[in-house]
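Can you make the complete structure from the sequences, with help from the hints?
In our numbering, the protein residues as written are 2 to 93.
Just to be clear, a hint being listed does not mean it is correct.
[To be verified] If you anchor each label on the Cβ, the simulated ranges turn out as follows:
{"id": "1", "residue 1": "S66", "residue 2": "A18", "range": "25 to 31 Å"}
{"id": "2", "residue 1": "G11", "residue 2": "E40", "range": "34 to 40 Å"}
{"id": "3", "residue 1": "Q30", "residue 2": "L67", "range": "27 to 33 Å"}
{"id": "4", "residue 1": "N68", "residue 2": "A4", "range": "16 to 22 Å"}
{"id": "5", "residue 1": "R24", "residue 2": "E52", "range": "26 to 32 Å"}
{"id": "6", "residue 1": "A64", "residue 2": "P3", "range": "29 to 35 Å"}
{"id": "7", "residue 1": "L62", "residue 2": "Q30", "range": "32 to 38 Å"}
Simulated from the structure, these hints should not be mistaken for laboratory data. For glycine and all other residues, C-beta sits at the position ideal for the given N, C-alpha and C.
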Amino acid sequence: MPASELRAAGIAARLSAAGLTPRVEQHAQLTSIEAEVPESLSADSWREALEAVAEADRFGLLANSLNSRTLWAAVRTTAPATGDVRGPGHQR
2 MPASELRAAG
12 IAARLSAAGL
22 TPRVEQHAQL
32 TSIEAEVPES
42 LSADSWREAL
52 EAVAEADRFG
62 LLANSLNSRT
72 LWAAVRTTAP
82 ATGDVRGPGH
92 QR
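Quick look at the structure:
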C-alpha cells in the first residue's frame, strides 16, 4: 500500500477513534477524508480529531447556518508540482 494511502487510512482510523464516522474517497491526485461533526462532540474528541487531520496535506472545517459541520482532510497521492511546495501556510 502506498504511503499516501497509509496516511489517509491512519487519519480515518483516528477520526473513528474520536467518535466520528469518516468517509474516504480516492481521487486522481489526492485522497479525501470527511466526517460530520455532531454538536455533542466533547472537547477531548475535538482535540483528537484536529490532531488527526493535522497529519494531512490540507484540512479544514465546513460549517453552515443549519448547524452542519464537516471536518475534511486531503492527502496527496502524487508529488506536488514545483510551484506548490511552500507548505500549508503558503498555498495559492
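Quick rundown of the hints versus the structure:
A hinted range of 25 to 31 Å for the beta carbons of S66 and A18 is consistent with their spacing of about 30 Å. The hint said 34 to 40 Å for the Cβ distance between G11 and E40, and at roughly 26 Å that hint is violated. Distance hint for Q30 and L67: a CB-CB separation of about 31 Å, consistent with the stated range 27 to 33 Å. About 36 Å separates the C-beta atoms of N68 and A4, a value inconsistent with the hinted range of 16 to 22 Å.
At about 19 Å, the beta-carbon gap between R24 and E52 misses the expected band of 26 to 32 Å. Against the hinted window of 29 to 35 Å, the Cβ-Cβ separation of A64 and P3 comes to about 32 Å, which satisfies the hint. A beta carbon spacing of about 22 Å between L62 and Q30 contradicts the range 32 to 38 Å that was offered as a hint.
In summary, the numbered hints that this structure violates are 2, 4, 5 and 7.
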